[in-house]
Amino acid sequence: MDVSKLEDLDRHLFIDELIRHVEDDNLRLLQKIKNRIDEVGLELPTIEVRFSDLFVEAECEVVYGKPIPTLWNAIASRISRVMCLKKEKNISILNGVSGIVRPKRMTLLLGPPSCGKTTLLLALAGRLDHSLKTTGNVSYNGHLLSEFVPEKTSNYVSQNDLHIPDITVRETLDFSGCFQGTGNRLGEENNYPNISFC
Numbered sequence: 001m002d003v004s005k006l007e008d009l010d011r012h013l014f015i016d017e018l019i020r021h022v023e024d025d026n027l028r029l030l031q032k033i034k035n036r037i038d039e040v041g042l043e044l045p046t047i048e049v050r051f052s053d054l055f056v057e058a059e060c061e062v063v064y065g066k067p068i069p070t071l072w073n074a075i076a077s078r079i080s081r082v083m084c085l086k087k088e089k090n091i092s093i094l095n096g097v098s099g100i101v102r103p104k105r106m107t108l109l110l111g112p113p114s115c116g117k118t119t120l121l122l123a124l125a126g127r128l129d130h131s132l133k134t135t136g137n138v139s140y141n142g143h144l145l146s147e148f149v150p151e152k153t154s155n156y157v158s159q160n161d162l163h164i165p166d167i168t169v170r171e172t173l174d175f176s177g178c179f180q181g182t183g184n185r186l187g188e189e190n191n192y193p194n195i196s197f198c
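Those letters in the sequence shown? Residues 1 to 198, per the UniProt record's numbering, in order.
These are calculated hints, taken from the structure and not from any lab test.
C-beta atoms are modelled at their ideal positions from N, C-alpha and C, and glycine is treated no differently.
Every clue listed holds true.
Derived pair list, reagent style DSBU-like, types lysine-lysine, alpha-carbon separation capped at 35 Å:
#	residue 1	residue 2
1	Lys152	Lys133
2	Lys104	Lys117
3	Lys133	Lys89
Pairwise CB distance ranges (calculated):
#	residue 1	residue 2	range
4	Val157	Ser92	20 to 28 Å
5	Ile79	Ser154	45 to 53 Å
6	Arg78	Glu151	45 to 53 Å
7	Asp129	Ile15	38 to 46 Å
8	Ser92	Phe175	31 to 39 Å
9	Gly111	Asp2	56 to 64 Å
10	Asp129	Asp10	48 to 56 Å
11	Leu44	Asp8	40 to 48 Å
Assemble the whole structure, with the sequences as input and the hints as a guide.
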């Protein structure tokens, strides 16, 4: 069917019909893939992530703010600007962190604000900023990050701090997954009969 030859109303109805069934098409495709994998007896590959003695440091410039406007402070600030006297300090973000993320398991990472949770996840995904000093090992199924392209194996989805306090952690993750493009996993509805999935 050549859409360019359709009238405006017909084209609009045709596009509305296509958009209405996008979710069903994706689900149908995933079900066909799952059925085919089950028929053949294939086991999907799993990945175990190990990290040991992970240290991450950042070099930061020390900024004291504006001093009280006195003659001495004005002279000192001008001298430091002219002589480029910048004070830098190393801040330790991760200090010798080790662990294992096992396959086929949901892993929850908890900690207070600014304790390094995001930095750890970025380090595991191989997406740390190059200005950070990093030591330690991260491996996927025994292969170090330098041996392959980690972006093809893992991803980091940035955090969204909006939480619903009335549901469990698993329900929160499943709910978030529905709205971040992953949709529901096949057969997941049976595990949570009281929840309506996307």
